[in-house]
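Participant: Each chain, letter by letter, is given below.
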Amino acid sequence: MTQAQIQETANFPVRIDEPGARKWRDYFTFNTDHKVIGIQYLVTSFIFYCIGGVLADLVRTELRTPEVDFVSPEVYNSLFTLHATIMIFLWIVPAGAGFANYLIPLMIGAKDMAFPRLNAVAFWMIPVGGLLLVASLAVGDAPDAGWTSYPPLSLVTGQVGEGIWIMSVLLLGTSSILGAINFLVTLIKMRTPGMGVHQMPLFCWAMFATSALVLMSTPVLAAGLILLAFDLLAGTTFFNPTGGGDPVVYQHMFWFYSHPAVYIMILPFFGAISEIIPIHSRKPIFGYKAIAYSSLAISFLGLIVWAHHMFTSGIPGWLRMFFMITTMIIAVPTGIKIFSWLATMWGGKIQLNSAMLFAIGFVGTFVIGGISGVMLAAVPFDIHVHDTYFVVAHLHYVLFGGSVLGIFAAIYHWFPKMTGRMFNEFWGKVHFALTIVGLNMTFLPMHKLGMMGMNRRVAQYDPKFTLLNEICTYGAYILAVSTFPFIINAIWSWMYGEKAGNNPWRALTLEWMTTSPPAIENFDGFPVLATGPYDYGLERANEGVPLSDPNPLLSAGPNSVLRADPDEPYPTIESDLEQRVSGNKD
Amino acid sequence: MKIPSSIWTLLIGIVLTLASLWYGQNHGLLPTAASDEAVLVDGLFNSMMTVSVGIFLIVEGVLIYSVFKYRRRAGDNEDGPPVEGNVPLEILWTAIPAIIVIGISVYSFDVYNEIGGFDPHAVHEAPINQSSMNMPGAAFAQRAGTALAATLTDTPPSTAPNLNQEKSDEAMQDPATAAVRNADQIPQLRNAPGVGSVAPTLGSSPDKAGQPASLAVNVTGLQYAWIFTYPETGITTGELHVPIGREVQINMTANDVIHAFWVPEFRLKQDAIPGRQSEIRFTPNKVGDYALICAELCGPYHGAMRSQVVVESQENFDKWMQKQLVASHETLNQAVAVNPANLTPDEFLAPYTKEMGIQPEILHQVHK
Ligand code: HEM
Ligand SMILES: [Cu+2]
Ligand SMILES: [Cu+2]
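Chains as they are written, first to last, in my numbering: chain A, 1 to 586; chain B, 587 to 954.
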């Protein structure tokens with residue numbers, strides 16, 4: 001460097017001690033770069049997915065036979081309680097937040113989230129809350145009142161375990177509230193000039209709807225849990241009937257959050273799927289506005305359906321009808337999304353890579369969960385199958401088929417952006433095939449089990465259900481096996497995979513208009529929108545980006561906001577500085 | 587010869603409709619329908635299944651068709667046609683699901699009404715008559731009343747009747763029920779959200795509105811057993827026997843945690859909640875033995891909390907009742923002589939355990 005350059009460097013406000021990952025160790029620090037935090041979220045939640053998955057297979061192993069012969073009934077109850085809590089609060093919800101963290105600033109052309117430190121705080125609550133929960137296994141008093149933790153049962157099982165459960169869920173809930181505030185402010189305030197709300201990618205719309213929902217519902221859960229903690233630890237009787245408390249009030253408070261929670265879990269992946277399908281079908285998304293506003297509609301309706309979880313407990317007749325109708329109506333905006341995705345694929349040029357396969361699997365499986373959801377909304381039928389394996393089947397078709405397949409689709413899709421390398425397609429397809437087979441084998445028979453009379457949360461059952469349960473159990477083992485190709489592939493590809501280039505999918509959303517992986521602070525200045533996010537096949541798109549170029553470098557056109565050489569994936573501090581200095585000069 | 591696409595559409599439509607109609611009737615997914623209510627619920631389910639199969643086949647069909655038909659050929663780097671929307675189409679696929687769910691809602695509403703979901707008498711029962719308070723068991727009721735008064739001193743006085751309390755008192759007039767329920771330990775809720783206090787029910791179907799059910803059975807759920815008491819005869823059993831063709835009313839509550847009363851063959855389920863009285867009515871219409879299952883997680887032995895429902899002819903029912911009367915006389919005397927509140931639950935339950943098919947060790951284990 002020349003003297004002048006050094007001079008300039010000194011004056012340039014680079015936050016050298018600040019965020020970004022240059023070494024793997026940076027991922028274990030209180031980093032404030034949204035990309036680091038995003039990956040921290042994703043990796044952490046995936047680790048919990050593995051733990052939750054092991055618990056699920058233990059549950060299924062017990063259920064292979066009708067007798068209680070593998071674990072004691074007490075341990076069995078802890079297993080499914082922890083399985084569900086981990087899967088929901090430590091896998092799906094944080095994974096959604098992980099993608100949002102990684103993608104939102106890139107998609108809207110911002111340098112970071114609105115509150116980077118808050119962002120890091122929100123993340124670090126997750127491992128703390130998660131370890132707390134898992135530690136309850138070690139102290140030998142794991143929570144065992146189900147993830148719903150209904151009093152009075154939760155008040156008479158182990159106090160320590162239940163206390164830990166409440167603490168941990170409160171922490172995780174706080175984390176998601178902090179995250180939601182950050183996403184909302186970032187989406188509202190930090191879009192690059194020229195990006196109106198209707199130029200926002202649909203994932204951003206989905207996260208907007210999700211965050212609004214989080215902010216409205218999570219505090220109610222927190223309140224419920226705090227009152228429950230009082231009952232448990234201080235002997236109050238908010239919910240404890242022996243002192244005149246009402247256990248059904250807890251159910252209202254719990255479901256006021258936990259029903260919206262399923263939309264909190266699924267909306268982000270509705271968003272992700274709306275990104276993935278048009279790109280890999282090479283067509284504009286069909287009905288952009290319909291999809292965008294249906295997210296908001298789902299978010300709003302999601303707040304007024306909670307009592308459909310309580311049709312058999314304690315709500316009056318007319319109220320059951322009200323909740324039946326609101327629940328049914330949610331099927332409409334959900335249907336709009338599904339039909340729009342189908343129409344996007346129709347007539348396209350579908351590239352069947354792993355990301356697209358998982359996206360198609362998502363649509364195909366979610367439909368089954370959605371249909372059984374409408375059936376459950378019908379009160380007379382719900383009265384029959386409530387709290388049975390039919391519900392377990394339904395919720396896994398939604399959460400596994402919906403959210404988990406969505407997460408995998410998103411990982412395959414954005415992996416090149418995050419790591420600068422391509423996933424191995426062959427093993428991705430193996431992963432997909434095993435997952436789809438395992439998923440349907442595990443959960444499809446459960447519909448019949450529930451209708452025929454198998455209640456959920458039981459370690460022993462009527463021997464006439466043995467055969468179907470065996471099928472489910474072997475399906476669950478296939479699911480367990482299916483993660484190995486993924487894990488190995490992810491690690492291997494991250495280290496040695498083929499170089500991805502900046503925009504391997506020839507996509508049009510802004511996150512692809514920077515290097516892979518993106519440099520710290522993402523873009524130089526404000527990126528300019530040359531096209532809409534989904535203008536595939538349109539003339540104006542082809543002006544901006546050489547779409548038909550099989551190996552585009554995206555160097556030309558108004559979207560050339562590149563700030564580094566695509567072949568240099570991890571910008572060092574020096575190159576970063578040099579970039580800025582030379583960029584500053586002209 | 588090339589077949590025009592409209593003919594294809596028509597053919598596919600007919601095949602889809604036939605397949606859905608067939609599967610909707612022949613899915614074999616539900617157990618025997620053994621009550622009048624079950625028949626109605628099954629009708630609803632079968633129609634939902636028909637519609638669902640149709641939607642399922644259309645969506646999956648389009649998905650799979652697109653994957654094969656519109657697959658990108660190697661070397662083709664073009665984009666697809668830039669179709670961004672189609673307003674009539676979007677209106678159509680918003681309207682169709684909307685109509686379907688409205689249809690299902692209306693049908694559900696109707697079935698719900700038929701099985702007694704709106705029975706107004708369920709919540710506005712006549713108040714109990716004073717003389718019955720002198721019957722055995724009233725002592726418990728009165729104590730429960732005192733306990734309630736103590737907990738309610740802080741809330742503004744209300745003149746509205748406490749329906750849960752009334753229902754509880756009514757049930758406690760039966761000494762056998764009083765012996766089983768620990769209503770003196772759990773105050774009855776004054777106001778549950780919504781209507782009155784009795785947890786919602788499935789009451790009598792509209793054609794029988796206003797008439798009392800022809801047989802009432804009090805049911806108490808406790809970890810991990812169902813105890814049935816027959817107020818008319820004062821017997822206590824661990825098995826529910828009901829005569830065929832008569833409307834049965836189950837009055838239930840729970841002694842400790844929430845349980846749920848579920849007989850899959852009747853398609854009925856209702857939570858039994860401590861501090862609340864809930865009831866359901868049904869009319870069994872097929873002779874047989876059915877499982878009664880607890881459907882709400884109630885502790886480690888939740889899976890073991892099951893019992894039998896025996897639907898039999900009036901004649902057999904009377905015989906069974908006669909036998910029980912003789913057998914239970916002694917246990918009843920015992921139970922009334924010793925204040926059950928002074929017994930540990932497993933001591934109290936001991937006489938019934940054999941009948942309920944529960945090992946005494948389990949009971950002991952769970953009620954330590
Ligand atoms: C890896 C494959 C999975 C298997 C084999 C599996 C298996 C099971 C089983 C057998 C139950 C019922 C436990 C019982 O009622 O006794 C259950 C419950 C549950 N699972 Fe999963 N599961 C899997 C993945 C997931 C995922 C990805 C989620 C995502 C949220 C999830 C969420 C839940 C929830 C919420 C419950 C309800 C627990 C309850 O009844 O309290 N599961 N799972
Ligand atoms: Cu129970
Ligand atoms: Cu139970």
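For the record, the hints were derived by calculation from the structure and aren't laboratory data.
Just so we're clear, the structure is a prediction, and the values are computed from it rather than from any experiment.
Please note that the accuracy of each hint is not assured.
[Unchecked claim] Each pair of labels, with its calculated beta carbon distance range:
id, chain 1, residue 1, chain 2, residue 2, range
1, A, Ile47, B, Glu664, 39 to 45 Å
2, B, Val625, A, Ile491, 41 to 47 Å
3, A, Phe322, B, Gly874, 35 to 41 Å
Where is the CB? At the ideal position from N, CA and C, for every residue including glycine.
Participant: Please go over all the hints and tell whether each is borne out by the structure.
Facilitator: Hints and how they fare:
1. A:Ile47 with B:Glu664: 39 to 45 Å: With Cβ atoms ~42 Å apart, the hint holds.
2. B:Val625 with A:Ile491: 41 to 47 Å: Since B:Val625 and A:Ile491 have Cβ atoms about 57 Å apart, the given range 41 to 47 Å is violated.
3. A:Phe322 with B:Gly874: 35 to 41 Å: For B:Gly874 against A:Phe322, whose Cβ atoms are near 36 Å apart, the range 35 to 41 Å holds.
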